[in-house]
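J.: Keeping the supplied structure of chain Y fixed, place chain V upon it in accordance with the hints.
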Amino acid sequence: MTQAAATEHHEPVENTSTGLNSRKLMMWAFLASDVMFFGAFIATYLVYRGKSLVGPYPSEILDIPITSVSTFVLLMSSLAMVLGLHYVKEGQKNKATLWILAVVVLGAIFMGFQFFEFKTFAHEGLTPRTNIFGTTFFILTGIHGAHVTIGVIWMAILAYGSHKGSLRPDSSLDLEIAGLYWHFVDIVWIVIFTVIYLISASDGPPLGVGPTIVH
Amino acid sequence: MANLWQKFTKHDGNGWWNLPHTGASELNPDFEGPIGGAWFGNMWRSLTHGNVAHAGVGFYWLVGLILAVITLVEVWLFTIETLGGWFIPLLLILSLGKFVGVVAYFMHLRFDDRMFTYFFASAMIVGILIFSLLLLLMKYANQPVLF
Numbered sequence: 001m002t003q004a005a006a007t008e009h010h011e012p013v014e015n016t017s018t019g020l021n022s023r024k025l026m027m028w029a030f031l032a033s034d035v036m037f038f039g040a041f042i043a044t045y046l047v048y049r050g051k052s053l054v055g056p057y058p059s060e061i062l063d064i065p066i067t068s069v070s071t072f073v074l075l076m077s078s079l080a081m082v083l084g085l086h087y088v089k090e091g092q093k094n095k096a097t098l099w100i101l102a103v104v105v106l107g108a109i110f111m112g113f114q115f116f117e118f119k120t121f122a123h124e125g126l127t128p129r130t131n132i133f134g135t136t137f138f139i140l141t142g143i144h145g146a147h148v149t150i151g152v153i154w155m156a157i158l159a160y161g162s163h164k165g166s167l168r169p170d171s172s173l174d175l176e177i178a179g180l181y182w183h184f185v186d187i188v189w190i191v192i193f194t195v196i197y198l199i200s201a202s203d204g205p206p207l208g209v210g211p212t213i214v215h
Numbered sequence: 001m002a003n004l005w006q007k008f009t010k011h012d013g014n015g016w017w018n019l020p021h022t023g024a025s026e027l028n029p030d031f032e033g034p035i036g037g038a039w040f041g042n043m044w045r046s047l048t049h050g051n052v053a054h055a056g057v058g059f060y061w062l063v064g065l066i067l068a069v070i071t072l073v074e075v076w077l078f079t080i081e082t083l084g085g086w087f088i089p090l091l092l093i094l095s096l097g098k099f100v101g102v103v104a105y106f107m108h109l110r111f112d113d114r115m116f117t118y119f120f121a122s123a124m125i126v127g128i129l130i131f132s133l134l135l136l137l138m139k140y141a142n143q144p145v146l147f
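Residue numbers (our numbering), protein chains in the order written: chain Y, 1 to 215; chain V, 1 to 147.
Treat the hints as calculated values from the structure; they're not laboratory data. Careful, some of the hints might be misleading.
To be verified - Estimated spans, in silico, between C-beta atoms of each pair:
hint, chain 1, residue 1, chain 2, residue 2, range
1, V, L133, Y, M111, 33 to 41 angstroms
2, Y, S59, V, G85, 14 to 22 angstroms
3, Y, G91, V, E81, 50 to 58 angstroms
Think of the CB as a built atom: it goes at the ideal place given N, C-alpha and C, for glycine as much as any other residue.
Chain Y with its partners taken away, still in its complex shape:
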């Protein structure tokens, strides 16, 4: 690599004590704190796993095929996000807008799946007040859903900005920071899907307690 090429491609040095962009560092600090936030709820779920004395229990109510589809949708939204950022950096406005819009649509579809799931569970008798599974499940997935909702609104604003031309290569950091948030929401769901849905899906009543009687 020549000296000129190296200089041309070098990342601008930020005038901060770390040499890093403060906004980006702030987002990473927020995500680090959010790790603790979600970690607390996931740990609480695991502590009380299998301790519900009344049903419905996870084995009776969790629908793995449907949740697998919503997990796939959220994963693909992460792909759309990174492609959107790529095209913003390349200055391809139309492609960037399209992919950011795809993030909004896929995020909204995921929210739709979650709404459908919550509604079905409530219809089958599981609410946050029913048992300890309901309480820990709805709090954890509900807070994650709130994060997704904030992300969808944020992405919709950025998609509008991209369409209007205010999201340019020199301001791509705006999308990069939003993208960090969006990908974090995705990795939290990766953990939730594994721990709550796949690992706990066969959890029934504790020993000595009978299954739910369906009237």
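T.: Chain V in isolation, oriented as in the chain Y frame:
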């Protein structure tokens, strides 16, 4: 064979397991592809944009495809009843793979300044430690489940 292993893991002391020393928009050093290693990096470079630090569109599609396949494998494992004690460890390993894939490539930690990696990894380690201790405490300290 030993030579291949050296190339894959330890090329210039900056193989697969280490982050590149370059900044986000800096050129990758020679023999350092987006997933590291000399010969592997060169293969990926031909699939992506070439000699750039941030990977190209093809690479992101590839990572997305791998993540989707891992999800399919997870769901497939769920349907197998003979796994027994292997079920949870296998799922956790696959889940960790997806987690690392998103954080390293989609969140660009693989290409970004190492400070961000240290920041996030520190929080992950402290978080996992605290909550593992909590789980152990609840399991072995004979705590009442509810009040």
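J.: So does L133 (chain V) sit 33 to 41 angstroms from M111 (chain Y), Cβ to Cβ?
T.: Roughly 34 angstroms apart at Cβ, these two residues keep to the hinted range, so it holds.
J.: Check the following: the C-beta atoms of S59 (chain Y) and G85 (chain V) are separated by a distance inside 14 to 22 angstroms.
T.: holds, 19 angstroms
J.: For the pair G91 (chain Y) and E81 (chain V), does the Cβ-Cβ distance stay inside 50 to 58 angstroms?
T.: At 53 angstroms between Cβs, range holds.
Hint compliance for this structure: no hint is broken.
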